[in-house]
Amino acid sequence: EVQLVESGGGLVQPGGSLGLSCIVSGVGFSNYWMSWVRQAPGKGLEWVASIKEDGSEKYYVDSLKGRFTISRDNGNNSLHLQVNSLRAEDTAMYYCARLVGYVAFDMWGQGTMVTVSS
Amino acid sequence: SFKLTQPPSVSLSPGQTASISCSGDKLGDKYVCWYQQKPGQSPVLVIFQDDQRPSGIPDRFSGSNSGNTATLTISGTRAMDEADYYCQAWDGSTVVFGGGTKLTVL
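If you read the sequences in order, they're chains A and B.
For the first sequence, the working numbering assigns the number 1 to the initial residue and increments by one for each residue that follows.
For the second sequence, the working numbering assigns the number 119 to the initial residue and increments by one for each residue that follows.
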């Protein structure tokens, strides 16, 4: 059974940084694109970034380019998101999700909460 | 930038058929997915590639996509189907979600 478990969220001051991680158990991590999707409290889903199976291609939502960096370690079945220069509007639950087929997220983690506040 | 528009809310009685729309420019040329999200839970994929159901999703969930509109249909709606539903498409280099529709089963 595939499981995705995020970690690294917390309370951070504006301008601060965090490193989010997602550990994927089960076989086949290196065979899938992976992504981060976030959801602000009471709001809808927002795609953040995606990374190819081997890490050679990365895509970001335009509004976050330059502040967020997605990466992966296939040897450790892990996905990462480095988030810098955090703003109040970055406050959200950050989900790790597996991307399949014609761009569908078929597996999701439980999320890790990032709160940006002074 | 590409946008997907959903109605904020849909309400109906148990047993009725729910239709949730998702509109976007030439959406029928793209593949659309649908997710169900219940309070406090992570999203669950219920439809992919316009009309395909993942394993474990009841056959009362169906999807279609043509022209500028994709539709999620839930036949014989049950109380357990009450949730937020999001459509999603790929715009070549970006993933786009609709704003979500709150389905209330009265």
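Hints may be right or wrong, so weigh each one.
[What the hints assert, rightly or not] Label-pair distances were calculated between CB atoms; the ranges are:
#1 A:T115 / B:F120: 23 to 31 Å
#2 B:G133 / A:G75: 34 to 42 Å
#3 B:K220 / A:Q110: 16 to 24 Å
#4 A:G15 / B:R196: 46 to 54 Å
#5 A:Q110 / B:S139: 27 to 35 Å
#6 A:S17 / B:G210: 18 to 26 Å
#7 B:K144 / A:G10: 18 to 26 Å
#8 A:G10 / B:D147: 35 to 43 Å
#9 B:F120 / A:P41: 24 to 32 Å
[Claimed, not checked] Pairs of lysine to aspartate or glutamate, EDC-like flavour, derived with a Cα cap of 20 Å:
#10 A:K58 / B:D147
#11 B:K148 / A:D106
#12 A:K58 / A:D73
#13 A:K43 / A:E89
#14 A:K43 / B:D202
#15 B:K156 / A:E46
#16 B:K121 / B:D147
[To be verified] Chain A residues, not near chain B, derived (Cβ > 12 Å throughout):
#17 S25
#18 E57
#19 G66
#20 T69
#21 S78
#22 N84
Source of the hints: derived by calculation from the structure; they are not laboratory data.
Note that CB positions come from ideal geometry on N, CA and C, so glycine has one too.
Worksheet item: Where does the structure disagree with the numbered hints, that is, which hint numbers, in rising order?
Response: Numbers 2, 6, 7, 10, 18, in rising order.
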